[in-house]
Amino acid sequence: MNNDLDPLIQLAVSLGASKAHILSSDKIVVEDQLARKCIEPRCENYGLSFSCPPHVGSPAFFRKLIKTHPWALVIQLVIPALMLLSWERLDVGRVLHELVATVELEAIKMGYARSSGFAGGSCKELFCQDYLSCQRIEENGPCRHPDLARPSMSGYGIDVFQLIKSCGWETNLNHEDGLPAEDQLSWMAGLVMLG
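In my numbering, the protein residues as written are 536 to 730.
Keep in mind that the hints are not guaranteed to be accurate.
[To be verified] Derived DMTMM-like pairs: lysine to aspartate or glutamate, alpha-carbon spacing no greater than 20 Å straight-line:
#	residue 1	residue 2
1	K700	D561
2	K644	D541
3	K562	D694
4	K602	D567
5	K554	D694
6	K700	E566
7	K554	E660
8	K644	E705
9	K562	D541
10	K602	D561
11	K599	D694
12	K599	D561
13	K644	D539
14	K554	D626
15	K554	D541
16	K562	E705
17	K554	D539
18	K602	D694
19	K602	E660
20	K554	E641
21	K599	D567
22	K572	D694
23	K599	E566
24	K572	E660
Hints in this document: simulated from the structure, not taken from any laboratory. A quick note: this is a predicted structure, and the numbers were derived from the prediction, not measured.
With the hints as constraints, model all of the structure from the sequences given.
Set out below in structure tokens:
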């Protein structure tokens, strides 16, 4: 691992990440069929923002990105599972996007000028739900939240479960059978490609 990147791990954790890990980018698994899941069954956010398909790059684009960005910072937020089933998931999504964007900016300041962040969830739903449409799509205008909104990993076909496993983390955080719903945990993840 590149020890020069340790400050990015520390920054992510100080900003609220449950875990952060530097990973060789060639460990990132990209699958075309995962990106197609945005289309069929159609995601309710498909086409609504510039950070979701069909407005993002393809799995092929991300595979090229892997070749030019040797390292990636993976960020995990561990949260109560019930949050993902309520409106609170939007708050968690906003935190994740902000965290990824902040780490991306710091990586750029550290000399990784081509760094780019990816998160989960639609930026339209997270940041512009009060607007009828995404300004970048409908008006070819500037993004309303360029310092926060990041593209969705799923649109690129990134296998997020495999990404978590590649960090040595568990995808199932609930090992006890019969654990009450209010005690169950889940997670969301973000990614900063470092180059």
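Sort out whether D694 lies within 20 Å of K562, counting only the CA atoms.
-> OK: K562 and D694 at ~11 Å, within 20 Å.
Hey, K644 versus D541, does the alpha-carbon distance stay inside 20 Å?
-> 14 Å, holds
Take the C-alpha atoms of K572 and D694, compute the straight-line distance between them, and say whether it is at most 20 Å.
-> Holds. K572 to D694 sits at ~12 Å (cutoff 20 Å).
Could you grab the alpha-carbon distance between K602 and D567 and see if it respects the 20 Å cut-off?
-> This hinted pair holds, its Cα atoms lying about 17 Å apart.
Verify the proposed pairing of K554 with E641, using a straight-line Cα cut of 20 Å.
-> 17 Å, holds
Hey, K599 versus E566, does the alpha-carbon distance stay inside 20 Å?
-> 13 Å, holds
Quickly compare the C-alpha distance for K562 and D541 to 20 Å and report which way the hint goes.
-> 19 Å, holds
Pair hint K700 and D561, alpha-carbon separation not exceeding 20 Å = Cα-Cα ~14 Å, so holds.
Decide if the proposed pair is consistent with the structure: K562 and E705, CA atoms, cutoff 20 Å inclusive.
-> 16 Å, holds
Pair hint K602 and D561, alpha-carbon separation not exceeding 20 Å | Holds, because 8 Å separates the two Cα atoms, which is no more than 20 Å.
Satisfaction of hint between D626 and K554, Cα-Cα up to 20 Å | Roughly 18 Å between the alpha carbons, so the hint for K554 and D626 holds.
Restraint check for K554 with D694, where alpha carbons must lie at most 20 Å apart | 18 Å, holds
Checked against the numbered hints above, the structure violates hints 7, 8 and 19; every other hint is satisfied.
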